[in-house]
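Number of protein chains: 2
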Amino acid sequence: MYRTNTCGELRITNIGKKVTLAGWVQRSRKMGGMTFIDLRDRYGITQLVFNEADNAELCNEANKLGREYCIQIKGNVNERQNKNDKIPTGDIEIIVKELKVLSTSLTPPFTIENNTDGGDDLRMKYRYLDLRRPAVRDCLELRHRMTILIRNFLDSKDFIEVETPILIGSTPEGARDFVVPSRMNPGQFYALPQSPQTLKQLLMVAGFDRYFQIAKCFRDEDLRADRQPEFTQIDCEMSFVDQDDVINIFEEMARHLFKEIRGVEIPKLEQMPWSEAMRRFGSDKPDLRFGMEFVELMNDFKGVADFPIFNEAVYIGGIVVPGCADYSRKQLNELADFVKRPQIGAKGLVYVKYGSDGSIKSSIDKFYTTDQLKKVKQTAGAKDGDLLLILSGDNINKTRIQLCSLRLEMGDRLGLRDKNIFKCLWIVDFPLFEWSDEEQRLMATHHPFTMPNPDDIPMLDEHPEQVRAKAYDFVCNGVELGGGSLRIHDTNLQERMFEVLGFTPERAEAQFGFLMNAFKYGAPPHAGLAFGLDRFVSLLAGLDTIRDCIAFPKNNSGRDVMLDAPSEIDTTQLDELQIKLQPKEV
Amino acid sequence: MYRTNTCGELRITNIGKKVTLAGWVQRSRKMGGMTFIDLRDRYGITQLVFNEADNAELCNEANKLGREYCIQIKGNVNERQNKNDKIPTGDIEIIVKELKVLSTSLTPPFTIENNTDGGDDLRMKYRYLDLRRPAVRDCLELRHRMTILIRNFLDSKDFIEVETPILIGSTPEGARDFVVPSRMNPGQFYALPQSPQTLKQLLMVAGFDRYFQIAKCFRDEDLRADRQPEFTQIDCEMSFVDQDDVINIFEEMARHLFKEIRGVEIPKLEQMPWSEAMRRFGSDKPDLRFGMEFVELMNDFKGVADFPIFNEAVYIGGIVVPGCADYSRKQLNELADFVKRPQIGAKGLVYVKYGSDGSIKSSIDKFYTTDQLKKVKQTAGAKDGDLLLILSGDNINKTRIQLCSLRLEMGDRLGLRDKNIFKCLWIVDFPLFEWSDEEQRLMATHHPFTMPNPDDIPMLDEHPEQVRAKAYDFVCNGVELGGGSLRIHDTNLQERMFEVLGFTPERAEAQFGFLMNAFKYGAPPHAGLAFGLDRFVSLLAGLDTIRDCIAFPKNNSGRDVMLDAPSEIDTTQLDELQIKLQPKEV
Chain A
1 MYRTNTCGEL RITNIGKKVT LAGWVQRSRK MGGMTFIDLR DRYGITQLVF NEADNAELCN
61 EANKLGREYC IQIKGNVNER QNKNDKIPTG DIEIIVKELK VLSTSLTPPF TIENNTDGGD
121 DLRMKYRYLD LRRPAVRDCL ELRHRMTILI RNFLDSKDFI EVETPILIGS TPEGARDFVV
181 PSRMNPGQFY ALPQSPQTLK QLLMVAGFDR YFQIAKCFRD EDLRADRQPE FTQIDCEMSF
241 VDQDDVINIF EEMARHLFKE IRGVEIPKLE QMPWSEAMRR FGSDKPDLRF GMEFVELMND
301 FKGVADFPIF NEAVYIGGIV VPGCADYSRK QLNELADFVK RPQIGAKGLV YVKYGSDGSI
361 KSSIDKFYTT DQLKKVKQTA GAKDGDLLLI LSGDNINKTR IQLCSLRLEM GDRLGLRDKN
421 IFKCLWIVDF PLFEWSDEEQ RLMATHHPFT MPNPDDIPML DEHPEQVRAK AYDFVCNGVE
481 LGGGSLRIHD TNLQERMFEV LGFTPERAEA QFGFLMNAFK YGAPPHAGLA FGLDRFVSLL
541 AGLDTIRDCI AFPKNNSGRD VMLDAPSEID TTQLDELQIK LQPKEV
Chain B
1 MYRTNTCGEL RITNIGKKVT LAGWVQRSRK MGGMTFIDLR DRYGITQLVF NEADNAELCN
61 EANKLGREYC IQIKGNVNER QNKNDKIPTG DIEIIVKELK VLSTSLTPPF TIENNTDGGD
121 DLRMKYRYLD LRRPAVRDCL ELRHRMTILI RNFLDSKDFI EVETPILIGS TPEGARDFVV
181 PSRMNPGQFY ALPQSPQTLK QLLMVAGFDR YFQIAKCFRD EDLRADRQPE FTQIDCEMSF
241 VDQDDVINIF EEMARHLFKE IRGVEIPKLE QMPWSEAMRR FGSDKPDLRF GMEFVELMND
301 FKGVADFPIF NEAVYIGGIV VPGCADYSRK QLNELADFVK RPQIGAKGLV YVKYGSDGSI
361 KSSIDKFYTT DQLKKVKQTA GAKDGDLLLI LSGDNINKTR IQLCSLRLEM GDRLGLRDKN
421 IFKCLWIVDF PLFEWSDEEQ RLMATHHPFT MPNPDDIPML DEHPEQVRAK AYDFVCNGVE
481 LGGGSLRIHD TNLQERMFEV LGFTPERAEA QFGFLMNAFK YGAPPHAGLA FGLDRFVSLL
541 AGLDTIRDCI AFPKNNSGRD VMLDAPSEID TTQLDELQIK LQPKEV
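Chains as they are written, first to last, in the working numbering: chain A, 1 to 586; chain B, 1 to 586.
These are computed hints drawn from the structure, not numbers from a lab.
Errors might be hidden in some of the hints.
One copy or two, either will do: identical chains are not told apart, so a pair holds if it fits within one copy or between any two.
[Stated by the list, open to error] Straight-line C-alpha distance at most 30 Å; calculated BS3-like pairs for lysine-lysine:
(1) 17 <-> 285
(2) 64 <-> 347
(3) 347 <-> 86
(4) 375 <-> 330
(5) 375 <-> 86
(6) 423 <-> 83
(7) 30 <-> 520
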């Protein structure tokens, strides 16, 4: 038997017990004829003691152990003199009688501690060592705990988990599909699913009225920060339900997770229409942990003075930053630079400082009178000592999105985005379509199967851009954790949708024929939703990135540097697949 | 609200209740001014009644409903006059007051009943309709139930589920890897995992001492009956354990599943050495539901008469088929043809009939005397009325495997392979290596990381073929449900293994370098096991094939005929991936 106990479980009640432990040497120190070793395993750390006076040879062996050696010891549990109240085993130590090296270790390339000295690249290359760090291990334990909770919750609600295939069909224009050449069907390719969307809809047609799956999804796209080419969804679909049924059940699931994992009670959630979220926060995923809601200042600024930027704007909005009227020129310049970053794209920042002494200072006081700026103060609800930051632009929503970035930046600066506070809400009534400048046509905001709001169907032909979708997102702390929609289950309505989206019948058939065909056999009304598991875990773990919630993540070039993947393959294998490399000319 | 109840839950206690149901029209019949409709959903069937006298218009509408229409009704629960005790809702019916067609259906291409008239191809093409059949639905519900049980069992034993990546590295000679061209890394490919073997070993190095994952695996090989290009494993690995620790925990898990799913108590299991299994049953996965163990007849037959076939044989063995001495010539000819099939490959079948009247008739009574055949009777333990079937050959194990096929055939013929009886055992002490005629070298029976039996390590150089592995298979009813091994965690021993397997150090490095490198950092002793989930489900579901335990299976050409995958992809997509088709010249 390799061990009688783990390194996390011995307590003062075990004193005198003869134990066998196995684990890794975390650190070792000599002190007055004694050698102390911290032995680590997945469950904790236990202090080992080797006494030179008792057994010089054994102590000598212990002194030769290097960091991360894997060892097994036998000994007796003893009460510690200097107790360590920072760890659960801190009251005891093991007086070691026998020592066996199970395997030696080279010096690890970085320290195996929560505050490691290893950089990202090194940690990725030696991920198996990085995973030994308790902080990373805890994330994966949390992820496991969450999936167990999710599965048991959904099981208790009659959901059944169905595995859908990973090797599916490539759809025309599935530009972001990863494809897999088939050896048995040369010249043909499978695709890896971007999501099980159509398959779960087929399961609804099949009568599985409550489906879920913790499903791997794949997207071959340029990796922005915090995207992975493969990611995991909690994918769900229900039949014979309306929007509120879906919202209720998954709100209950989320509440259960927050409670079980973080001990946080989530109240009944607000359902905020998308248009309101844009108006108040410039975002379809507002962070409600703090205020600084947008104030619209068109009436106060436009056309009342000779300031062309505002006079030409179609949107002028601001946020009141409490207590920041004393911001320095440097700080204000930083903010101006911030909003002008290419990824934000504002043209410039206007500020008004309402000093705590009643003074008013502004970047536009050449154009607007003190009285005008006092009126603005009233409109904005600013108080003495507050700083009003204003953006304007010629596109309402674009400007709002810029102002949203500024709001979040100010939230960060003021420390208002506490990771231990969770503010969730639903965003509803999304627009069904959005205009794509790139494609010069309307695109489905969600996907082409999303049900229009029945009240808005009459507008489908004349004002499609005003049609609201029966779609909903679950948002927490400014992060979209999940989203879904009611689906169209009527073939005629689906065909109208494709028309509005500019699909020819042929193209609709080629891309979604199997689904539309399935709908001809008594498709039930259905709706669904998917949560991003990686994001959900990282939110509950209090992390900024999803990477440490994934055992073996890829880097921003989509590479697994530990496995050195992707890599070249043999010509014989290419021949078998009947494909050939054809490097682009550079 | 689409429904107040499902179609499976209303009982006699609900009489008088006003209900709303939704589901599919299973069948409809008119009888004496009444229309009866069986309404089906995932949970069952409920009878609807439309009374012409009460509401002629409604009844008329009901008469227009076709099979598989999806409808919603409101009505009252009524006690049935002619109760149907075959279904749980058989005591009640719904007197319908309102009817709404949620969606119509074309006539389905086959009947949605357990005994469908649909052939395999049609059922695969319309899988979403096939899945409506209760028999198929039950398999997927069973699969879900099993995975919930497995996860909660392993969680209770401190295992944590860790998702390993699907896009991993292609290994040289990974001929059966599916590969995925990378757009971001042109000319390079990911591979899909044949199993998470090396990744789970890395997790052991990382200190996750109890890992599991219900994991998708992929193998691009010619599909024999009952193989799928993607399949699911219950993949497990443990650190600081010996063989018995692994066996005990997974035997307990299997016992739990058999008990919970089928109500069957599995006793403490036998651990049968591989050599014994081969000797007694000619198989490394013996079916213990019936006897007919092999009897070795070399001493009785070889060299005692002028029968060259036996005199030249290195193995002569038989099975005693109880009570079959009266088999006709036709039946015996069938058996002779059976063993000569190419997939079995025996040269011929010898029989001895020990008649219930004491007579002895044999296909070799020209060569052997009655006394000799009487002696054989004793050796074989045959009784009057039994049939002795004998195979011989020049390769011991090949002949045994042939005899095994015959034994299973006789078990089938005699109805001894009852699907409701489960006989499990462990096979242990596998040979570490097996000779490959194709490659003309020793191959790892399991995989190259399998630990040799420490007692046999001295034989590694001189007699590698005699070295036993610390490997174990879980077998039930002649099916290998799972298997695993202790792993080598010592770099030196691993290098010796690669030598015996004829790997150059360069090749070993190219193929498994990252794993061997990881082992240099304090690798713990570890061991693992994987169960085939698809097979386990199909065994417990009493099915002959895994196909109906999979929601969307592929056919024997690896095609999903519903999705029409794999398929051709756009040239633009090939260009982006910087690959080109290169059809083989035929």
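Hints, verified against the model:
{"no.": "1", "hint": "17 <-> 285", "verdict": "neither (55 Å within a copy, 44 Å between copies)"}
{"no.": "2", "hint": "64 <-> 347", "verdict": "neither (64 Å within a copy, 65 Å between copies)"}
{"no.": "3", "hint": "347 <-> 86", "verdict": "neither (52 Å within a copy, 74 Å between copies)"}
{"no.": "4", "hint": "375 <-> 330", "verdict": "within (27 Å within a copy, 108 Å between copies)"}
{"no.": "5", "hint": "375 <-> 86", "verdict": "neither (56 Å within a copy, 79 Å between copies)"}
{"no.": "6", "hint": "423 <-> 83", "verdict": "neither (40 Å within a copy, 54 Å between copies)"}
{"no.": "7", "hint": "30 <-> 520", "verdict": "between (78 Å within a copy, 26 Å between copies)"}
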